[in-house]
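Knowing the structure of chain A, use the given hints to seat chain B on it.
Residue-level listing of the chains:
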Amino acid sequence: MRSLSSRKSFRRDPAPSRWSYRFQRLWLTPTFRQVVRVGMPSLLVLAGLVAYLSDADRQRAIGDAFADMRRSVEERPEFMVKVMSVGGASDALAQDVRDVLAVDLPLSSFDLDLESMRKEVESLDAVERAEVRVRSGGILQIRLQERVPAIIWRGADGLELLDLGGHRVDVLERRADRADLPVIAGEGASEVVQQALELLERAGPIRSKIRGLVRVSETRWDLVLDSGQRIMLPSDRPGPALDRVLAWNEAQDLFARDVTHIDIRNAQRPTLRMSANAVQSLKELQGIVVKKDVAE
Amino acid sequence: MKDLYQSQRAMRNKRQAAMQRGVIAVLDVGSSKIACLVLRFDGPERFQDSDGLGTMAGQSAFRVIGAATTRSRGIRFGEIDAMHETERAIRTAVQAAQKMANVRVDHVIACFSGARPRSYGLAGTVELHDGAVTDNCVARVLASCDVPDYGDEREILHAQPVNFAVDHRSGLGDPRGQAGNQLSVDMHMLSIDRTPIENLLYCIKRCDLELAGIASSAYAAGISSLVEDEQELGAACIDMGGGATGLSIFIKKHMIYADTVRMGGDHVTSDISQGLQVPLPMAERIKTFYGGVVATGMDDREMIDLSSDTGDWEHDRRSVSRAEVIGVMRPRVEEILEEVRVRLDAAGFDHLPSQRIVLTGGGAQLPGLDGLASKILGQQVRLGRPLRVQGLPQSVTGPSFASAVGTCLFAAHPQDEWWDFDIPVDGYPARSLKRAMRWFKDNW
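Residue numbers (the working numbering), protein chains in the order written: chain A, 1 to 296; chain B, 1 to 444.
Hints are computed from structural coordinates only; laboratory data are not their basis.
Source: prediction; values computed, not measured.
Positions of the beta carbon are idealized from the N, C-alpha and C atoms, including for glycine.
Take the hints with a grain of salt, since some may be wrong.
Said to hold, decoys possible - Ranges of calculated distance between the beta carbons of each label pair, as one might list FRET restraints:
1. F23/A / G348/B: 48 to 56 Å
2. S42/A / G398/B: 43 to 51 Å
3. S144/B / V35/A: 50 to 58 Å
One chain only, chain A, in its complex shape (with noise of 0.2 Å):
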């Protein structure tokens, strides 16, 4: 017999090793197939980005480089800001308002926060809505709209302007800065501004007598004459009651007489108080008390 292994050495033969079948085997295997295909090189790719983005300075390096690339981009002169542009307000406001943004112009739309902006703009007292946007040719406009002061208001540090809903526009110094502007005061009174308008629109024909509104206790308004007599409305459907005591102004010259407050809160009593001078006067005229001097 001749030498079985010397025999292979020269021997062609196609088979595949034991090894090489098994492996091949191994690879048809689809769950191995998908772990050496997809499972590792996704493992290597990421085991090498934790590797390299481990080292804190790294991490820092690329972060500043990402931060630049930002910045180049966001102060490109298209994105820049240049001009800011308030309309719809007095030369006052105006200035107020920039005082207020107090943005450093030329600056990056990007660094623009206009929601906050708008917010800081509507703060404003004098600013009832704010529109803030950034228009092409990098300007930034701000675009307002004023509150309109219909009352003044006397409250206890002074006089304040206030509009329709009974909100803060401005400080006055002197009352005869708005002569024009009709008074309120008294605690609460801010608060029914409107009520207050209504009650001096039906006030018309006494319109040059009123000296202005006072709030009472919150509930009720007392109108001043400016001869000091008061009207004292009734907190419920007080309009009514003032039509009443104008049509008895009408009818008799109420506020002529010596009166200081006519009381119409109880609408089915309405009360007169006159004055010390004139109660006198009526005791006299009944003769319930004798006149000093002329008893003297």
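Relative to chain A, chain B alone:
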């Protein structure tokens, strides 16, 4: 007998598992080539409704997705001669087929031709207790067959019930549900030598494969190359392989006899080699290119160069006529066919209603073989090719692959074998009930 039953049953379970996975390989371990086909089962007959055909022979349930052939090494007479050589050859074929299929196969169904198959006809009879045939009755009747003494060193390869009879009504394919008093069965049992099959099992195991079934190649060639009416009416299939010629007889779609003649194409080749003094590869080449069994006048003029490289001028420049080659080949082919004839006569083939003979296998490609065979075997001889199977490459459709294709069909639709039925458990429940009754009586 019990352990064989268990191992065959285990193989059936493995086949079921492979069907679940959808991929199974078929391995034809022949003496001249080893073929491996990878089958994919796409589910239960996808095209059955669309093309109006039935399941046919079961070949519509699968498609071939990988096919590879390699020259076999270390196999003689269909039996493994050099284990490692064979293992490498199997590995080559399986690897190439896997590569083509691009899928890993774990289960393999093998067929091989050697190991001296021997057929036995078995008969069994049982009384029916409840007047009708049930699954258990079938199992009992199969178990009641008196098994002949087939030898210590042998194993049973197939044990197929061929015919059932209830009382005196015979020829039943499926007796279940039939009413009667007596059930009898005829069973065909094929036994083979144990050593070759153990060698094959070892080789397949060494290739990390699991054997999910094993078939005789004569049987496999029969189911692939006999058409339906031949199987029904009676026919013999002669599978002329390289180292062995298998023959199987079919009737009523069952194999009733199988045998092998331990001679084949390799012997023709060695005759040419000896007769013409040429090396074996050249003899093989001469056989395939110029071979034949009937010489004509033309063949005297067709000269074949027998060039070789010995350095002897006279020896290197010989030539023979084709007629001489035919003269060398014909006696051996005649011998094989006569041997087949003897086996057929012994099996009682003359008594079948139809005596169709189909020649298949690589040796059947020999020109003029059908003429010679009809002289020896009878008039009704034809050359057979295996059934067409979906996805089979053109190169694998020749008669050489009859047994490989047949094993595919076997894998898809195996016939019922003895071990497909449960072992009958008669007597045991009755006895235990009786014991329980007695226990009750004793205690109360």
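Against the earlier hints, flag every one the structure doesn't satisfy and list their numbers going up. No numbers; nothing is violated.
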